[in-house]
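Chains as they are written, first to last, in the working numbering: chain A, 1 to 489; chain B, 1 to 113.
No lab work stands behind these hints, which were simulated from the structure alone.
Check each hint, because a few of them may be wrong.
To be verified - Partial list, computed: chain A residues near chain B (C-beta under 7 angstroms):
hint	residue
1	I19
2	P66
3	A253
4	A384
Every residue, glycine too, gets a C-beta built ideally from N, C-alpha and C.
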Amino acid sequence: MSSQAWINLAYLATSMLFILAFKLMTGPRTAVKGNYLGAAGMAIALIAAGFEQDVVGSVARNGSWPLVMLGLAGLIGGGIGAVMALRYPMTGMPQMVALLNGLGGAASTLVAGAELWNTQSKSMLTGGDQEAIAVAAAANLAPWTQFVIATALTGLIGAVTFWGSFVAFAKLEELPRFKKAWTDPNRHWINLGLALVTLLLIWGLCANPQSVALYWLLVIVGSILGCTLTMPIGGADMPVVICLLNSYSGLAAAAAGFVIDNPVLVIAGSLVGASGLILTAIMCQAMNRSLVGVLFGGLGTTTVATGDDVYAGKVKSASAEEIAMVLEGASRVVIVPGYGLAVAQAQHAVRELANALEKRGTTVEYAIHPVAGRMPGHMNVLLAEADIPYEKLREMDDINPTFPETDVAIVIGANDVVNPAARTDPQSPIAGMPILDVDKAKTVVVVKRSLSPGFAGIPNPLFAADNTLMYFADGKKAVLDLTAAIQRG
Amino acid sequence: MTTLVLPLLLADAIAAEDPATRFIRLLTVFLLAMWVGFEVITKVPQRLHTPLTSGSNAISGITAVGAIVVAGALTSGVGTVLGFLAMVLAMINVVGGFVVTHRMLAMFQPRKK
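In isolation and in its complexed conformation, chain A is listed as follows:
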């Protein structure tokens, strides 16, 4: 068997391991194994790549230093990656994921750029020699439009991924400059203009396949586009953006695979692309919004009833002692966490509250809305960090039918995902969005700092419902106070 055949066999093994890794992601225990298999697959592919004809040939000509250089690059990158992954606080996961994602996209852009540069300098060997060029063209070695387009797409998607992820990172880190969404009314025209320039550049690159300058121009325009596309998107839509960028980084890798004719890049890239697309679709569905709406819309600004109409005189505020008394009589309590819980860092306090309740024989469960938080599955990670067993975290469709038998639902830092207007008011901007039916519980306790609206900017009739008690405080302080009150009682 030729050495290329062995290399391809190794790539096949990698692809199978990656698919297995995804397949084992169905349960928390098997997922650990899956992650190891994924890492093993990656290691196999990296070693196999070292035996590629181009690399072996270059080692034969130049001695082992190409391998030393690559090893060094791998060590530098791997070292930085490991330190980042181990040091970054668990609560900063959305940022970390965004950041890593962006680097993958940038790497693909650089790979395609390097390949273009290499082909260009190879063809310079023939230096205008008409006979050689004719032979090359006859042998179909001349750049072929499909592969030029693949190169262009790699550069473009990679650049959009990198800068888009960078903006997402900055928003999630709440860097001051990025705190407010960019809502310039002309932004659609700016984006449209940039998109047209991109198409023009791709067309130009097809006409002049060896133009390195056009490639980098495309990368620059892609970089601007990555920023202008992400900057208008608000915090609550971050889960969608993270998923979409994740998908892009995979697609960029797949496109790079087309450029250098490497099946493992294509397979791994498309697996990641598919994963990101599915998550994007799930997130959009959970918000009952179209992808186009999330990316370009911002929520509709139809004026609905203001907070004053909805809340007037109907909001009941309670003290920690009063709520503790209600909780003491409860046999089933459901806790509904939202992004406010993450902001207040209240996950450990919630765990203590649950412990105090469980000690009294109360059943405690957690209702997780698919888009609660800033990335897919954010609440699960947050609560897992506080050692809350994952069996108690229930998904929306699973727990919704049980709310009528729930004595107390405690909503901490969630708003739009528990707004019954989504179910009852067809005029509401969030009409039709699947919500957690907490209003059907016998008593609802809402922990919130004020009556300020959530991301959708609409009042929540839940706060004025007869069975709702409001507890106005910071999430963490509130939960600690409740726990103390229960322990005293």
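Fit chain B to the known structure of chain A by using the hints.
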């Protein structure tokens, strides 16, 4: 010059399949892998969506393979430098992604107190 380059190009030409065939081969792989991806990933439960995101993130670092090929060939100075940089970035992505996924999954395991 011609005498030096021609045999090289011809050797390449014999080894290479025609570009359309090559493109369709890669396209086949791409679409089938997408399909497998859709089938497998729709079964991942919501509670594991974050580790799924970070794990798939690590896998997108596969572009490191591309970096090895383009930088290892030492064809052009600039190409090699770009490939080197790509290798560094891709490896941050790979190692960071797998380690962070492992950390996250470790939290999902029931722990003995």
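>> Please list, smallest to largest, the hint numbers that this structure does not respect.
In response: none
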